[in-house]
Structure formats: structure tokens, C-alpha cells
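J.: Starting from the known structure of chain A, fit chain B onto it as the hints suggest.
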Amino acid sequence: MSTKVFKKGSSFRSLPWIGPASLLIFIFVLWPVVELFLVSFREISISGLIKGWAGFENYRALLDNDDLGGTLKRTAIWLVVVVALTMALSLPLAQLMNANFRGRRFLRYSVIVPWAASLVITATSWKWLLDPYYGLVTRILVDLRIVEESFDVLGDPRSAFVALLAVGITVSLPFTSYVLLAGLQSIPNEIKEASLVDGAGAWKGYWAITFPLLRPAFLVAAVINSVYVFNSFPIIWVMTRGGPAYETDTTTTFAYKVAFRDQDIGQSASLAVGNFFVILIFILLFLKLSKWKELDQR
Amino acid sequence: MTITNINKSRKKSKTSSTRRSRKKSVTLSLTGIFVGFLFIFPYVTMLSTALKPKSDITDIPPSYLPNSYEWFNFINVFKELPFGMYMRNTLIISIATMIIGIIVAVPAAYYVARNNFRLRMPFLLLVLITQMFSPTSLLIGIYRELSALNMINTYQGLILVNVSFNLAFSVWILSSFFKTIPVEIEEAAYIDGASRFQTFRKISLPLAVPGIVTTAIFTFIAAWNEYVVAYTLASSPEKQPFSVGLSLLIGYYEIKWNYLFAGSLIAIIPIIILFITIEKYLVGGLTAGSVK
Numbered sequence: 009m010s011t012k013v014f015k016k017g018s019s020f021r022s023l024p025w026i027g028p029a030s031l032l033i034f035i036f037v038l039w040p041v042v043e044l045f046l047v048s049f050r051e052i053s054i055s056g057l058i059k060g061w062a063g064f065e066n067y068r069a070l071l072d073n074d075d076l077g078g079t080l081k082r083t084a085i086w087l088v089v090v091v092a093l094t095m096a097l098s099l100p101l102a103q104l105m106n107a108n109f110r111g112r113r114f115l116r117y118s119v120i121v122p123w124a125a126s127l128v129i130t131a132t133s134w135k136w137l138l139d140p141y142y143g144l145v146t147r148i149l150v151d152l153r154i155v156e157e158s159f160d161v162l163g164d165p166r167s168a169f170v171a172l173l174a175v176g177i178t179v180s181l182p183f184t185s186y187v188l189l190a191g192l193q194s195i196p197n198e199i200k201e202a203s204l205v206d207g208a209g210a211w212k213g214y215w216a217i218t219f220p221l222l223r224p225a226f227l228v229a230a231v232i233n234s235v236y237v238f239n240s241f242p243i244i245w246v247m248t249r250g251g252p253a254y255e256t257d258t259t260t261t262f263a264y265k266v267a268f269r270d271q272d273i274g275q276s277a278s279l280a281v282g283n284f285f286v287i288l289i290f291i292l293l294f295l296k297l298s299k300w301k302e303l304d305q306r
Numbered sequence: 006m007t008i009t010n011i012n013k014s015r016k017k018s019k020t021s022s023t024r025r026s027r028k029k030s031v032t033l034s035l036t037g038i039f040v041g042f043l044f045i046f047p048y049v050t051m052l053s054t055a056l057k058p059k060s061d062i063t064d065i066p067p068s069y070l071p072n073s074y075e076w077f078n079f080i081n082v083f084k085e086l087p088f089g090m091y092m093r094n095t096l097i098i099s100i101a102t103m104i105i106g107i108i109v110a111v112p113a114a115y116y117v118a119r120n121n122f123r124l125r126m127p128f129l130l131l132v133l134i135t136q137m138f139s140p141t142s143l144l145i146g147i148y149r150e151l152s153a154l155n156m157i158n159t160y161q162g163l164i165l166v167n168v169s170f171n172l173a174f175s176v177w178i179l180s181s182f183f184k185t186i187p188v189e190i191e192e193a194a195y196i197d198g199a200s201r202f203q204t205f206r207k208i209s210l211p212l213a214v215p216g217i218v219t220t221a222i223f224t225f226i227a228a229w230n231e232y233v234v235a236y237t238l239a240s241s242p243e244k245q246p247f248s249v250g251l252s253l254l255i256g257y258y259e260i261k262w263n264y265l266f267a268g269s270l271i272a273i274i275p276i277i278i279l280f281i282t283i284e285k286y287l288v289g290g291l292t293a294g295s296v297k
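Chains A and B supply the protein sequences, listed in that same order.
Using the working numbering, the first residue of the first sequence is number 9, and each one after it goes up by one.
Using the working numbering, the first residue of the second sequence is number 6, and each one after it goes up by one.
Same shape as in the complex, but just chain A:
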């Protein structure tokens, strides 16, 4: 596009067009960021009033919190396991969704369901499915003679965390596999066929030709998924409330409990500031990967 309809306008002229959107982002996205940082250095009463500056007191309280260590460890496991398995599984899944067979539409629509459905509803159904008395999963396991008798999956921190990981992966797969599917569809058929005709074998051809072409989509999906997974709240909250005690908390649910249950807004804010920097790393990665400036000028 060589010609632009309108000449390069002054900043003032752009304001009626981009002003309202910018204003909303400033007020409801950026102001909370600033407020979060301020609060983390404030001494706050239980009723929410500011008593004064606290220096690094809130951060010290956070580091002294006995449940922080376990939470950080679990957050790392949560992030790495969910993202790694999601990405590993979405490669074959995207391939399957792209293949030509009867029932492909059923597969594609089924994969969309956990993505479209509210996470609260999905998590609620899993909570019921895993119930030791009324749930279907333990019944199926007993009927298949995998376990001898029903047990409380969500009552034990270990099995509860494994269950959370599994649900986390199933709700992450739709997005990543649809991104990879879009990537696959943008690869010309001749290239895919050429990789097979050369006698390279399907497996070898995939890693030599298809995957390298898919890599940009793969990386973008992985980074965006990481942010989703790191911020994930409803699944853990609905299924276990981070419990028993704090044993299945990640930093996201932990920060919520500290702020709104223990009423320690300052300490929770200092944790949220930590979370903020983790997300910032992902944002920088995303900006680098997306090459947004070049893409936009096309």
C-alpha cells in the first residue's frame, strides 16, 4: 500500500480516534500496575487504609512466610510441566486435526469445547468427576480394576496436584494446537508432499521440513501459553482452593489468599510485584518473537 488516505497527522488529530482506548488502558490496566507497586511499599491496615511507608517490610514478611518456599517450587513445576506437556502433545494433535479423515470436523469442534467453555464450569465438572463418593472417575478406575477402591483424589496434596496438572494441560491444548494448526495450514502442500516423496520417511521428513517451518508458531504458542498458565486461577481455585492448606497453591492463588483471606494486602502486593516481573519476561520474549513492527508495516 503506497498511498495513505490521509496525510501524516499531528498527535492532536489522532486523539479523538485512539484517545478513548488509550484512556481505558491507562486507567484500568496501567494504574493498577502503579497502585500495586505503591501498595507493596506501604503499611496498610486491615480495613485497607494506608498507615504510611513500610520500606521493604512487606517483602521481608513475604520472605519469612513459611508457605512461600513450597509455593514457589510448585509454581515452577506447574509452569514447566503444563507448558512442556501441552506443547509436546499439541504437535501430534495439530497434525491429527490437519489430516484428512471422516470425523475431522468432530475432532476440531471437540477440541474447541474446553477453550470456549468457562474455566469455572470445566473445573467444577472435574471437581465432581474426582469426588470420592459421587464422582465418575474413581468409579471408572475401580471398574477397570486400576484401583481397588475409590479414594479422595483432591484430598491428598500429591494426587490433587497431579489432577490439577492434568486439567491444566487439557484446557491449554486447544489454544496451542489451533495455533499450530494455523501454522500447518500456512505450509504449502507441495513442501509437505516433497518431504514424503524424497523417501525421507514421514517421521524424518516431519522433523527435517515441517517442524522447522512450524517453529515460529510453536514458539509464539509456547510463550502465550506460559503467560496463561502462570496466571491461571480458576482451575486451582475451584478444584482445591489451593488446599489442603497451602499444599496445591501457586503464586497466583497464594497471592489471592494472602490478600483477601489473611487480609495482608501489603505482603500479597509484594508477591504480585514478583509475579509482574515474571510476566514481563514473557512479554519481552513475545515482543521479540512477534516482530510486531515489521509485521505491522506489511
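Rather than coming from a laboratory, the hints here were simulated on the basis of the structure.
Virtual Cβ for every residue (Gly too), placed ideally from N, Cα, C.
Partial pick of chain B residues on the chain A-facing surface, computed with a CB cut under 10 Å:
| no. | residue |
| --- | --- |
| 1 | 146 |
| 2 | 249 |
| 3 | 277 |
| 4 | 292 |
| 5 | 295 |
Derived contacts from chain A toward chain B, CB cut-off under 7 Å, selection only:
| no. | residue |
| --- | --- |
| 6 | 39 |
| 7 | 136 |
| 8 | 191 |
| 9 | 242 |
T.: Relative to the frame of chain A, chain B by itself:
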């Protein structure tokens, strides 16, 4: 080897290869359908539970299928649970978010798609960064800010937060739609003496309707499914959307799983259908154009 022999062996290899490919496609179909079923398994069990009569719900262990099918559960849920009120709140919040979102995003997206101005890059960067932030990580900031603005436990608070966090997707999708409209069409109108705003309203806007519909549906769904902000800000049941209500009902109505799931299905089935209609554009919007 005689000619007939060669022909025979050729024929043989041909039939075995088509048989192999047919076998392969059957295997592929079965795999695909099985994998698809795994994804909808929780929702299928929700349906079977939603149809169970009261007497089935307390069975230990649960039956796989209902003993009798109570389709009226889908109507009775409005009496048994405060479902109607939750639905009303969800609809108010989602529709308002959708409308305000479109009103704010369309001009911004159009301007960015068509003009080169000094604030363009900063604005795009701002939008992209918003895309990556979720309200979850900023909850304390949002809570304190809305307290200061007296917007705790109000529709307005929830709506404005929802609009703001979804602007990134909207602006990105819409501006990619505007870019597909040939500039020449607008130039013609402009030369004919139409003002900048008239060109936008009479020419570009009607052509961008598919993009506007996509964006509207996406924003609507995002607000419909939003949980954490509403859970934190909407303290009274009169303001809570269904997602919050459901998560709070689990504790109190443990026995009424059939109604909880009947309500849940009413809440998700229209959303899934809407979602499928915009599926084509989702990847492009959510990756800010890095894929597709």
C-alpha cells in the same frame, strides 16, 4: 516372468496398497474420534448428570447414565437455584462490555490501520502489552483502584475492567480487517468531498462488518467467562455473574449436582456455538498477528 505374471503382481500390489490406505484412514478416523471424545468427556458427563432425577444424584458410586431422563431439570434449575439472577447479571455485563468495547476499539483500529502518526508505535506497543497482562496478576491494584472510585460491587466496575483488558484483541483484529479494505475506495469518496469521518462511517464501517461481528462475539465470550475480577469485586449475589455464583454454590448445594450442571450447560452451549463461528479469526487475534 511372463507378462500376465507381472500384471498380476502389479494388480496385487495396487489392491494391497489401497487396502492399506483404507485401513489407515479408518485407523485415523477412529483415533480422531476417540481423541475428540476425550476433550468433551467432562461435558458429556455433565449432561448425563444434568438429566438425572433427584434420587440418582446421591447414588454411591454414581450410575453412568440416568435411570430416567429428567429434561425438566433444565427448566427447574431456574426455581431450584438463583440461576435466573446470575444469568441476568452475566448478560448485563457481557452485552455492555461488548457494546462499549466495539465503540472504543473501532475508531482506534481504523485510525491505526489507515494512518501514520507519531503516537502510532507507542499506541501499538501499549495495546500489545495489555494483551499479555491478565487482571489476575493485577488484582490488588484493580481492587484498590475501584474502591477509590467507589466501583466495588457495581456493574460499571466489572464492565470497564472487562472492556479494557479485551481492547488489545479487539484493536488488533479490527485493524487487520480495515487493512483488507482497498484504500482506493476511500480515496474516491474523499476526493468526492466527503469528510474524514463521513468516509469512515459511510464506506469503511459497512465493509468491516464481519470484523466487527467477530470482535463483538469475542468480547462477549470473554466477559461471559470472566471469573477472577467478578469473584473479587462482586460481593453481593445481586451483582454476581454465573461463573462466580456457580463457584460459590458448590459448597452449599453439594447435593444438587443435576441442577448445577443443567445451569452450567445452559451457560456454555450458546458460547461454544458462538466460539465456533469466530474460530477462523481467533488465532490471528490472540497472537497479535504473529501466526496467520
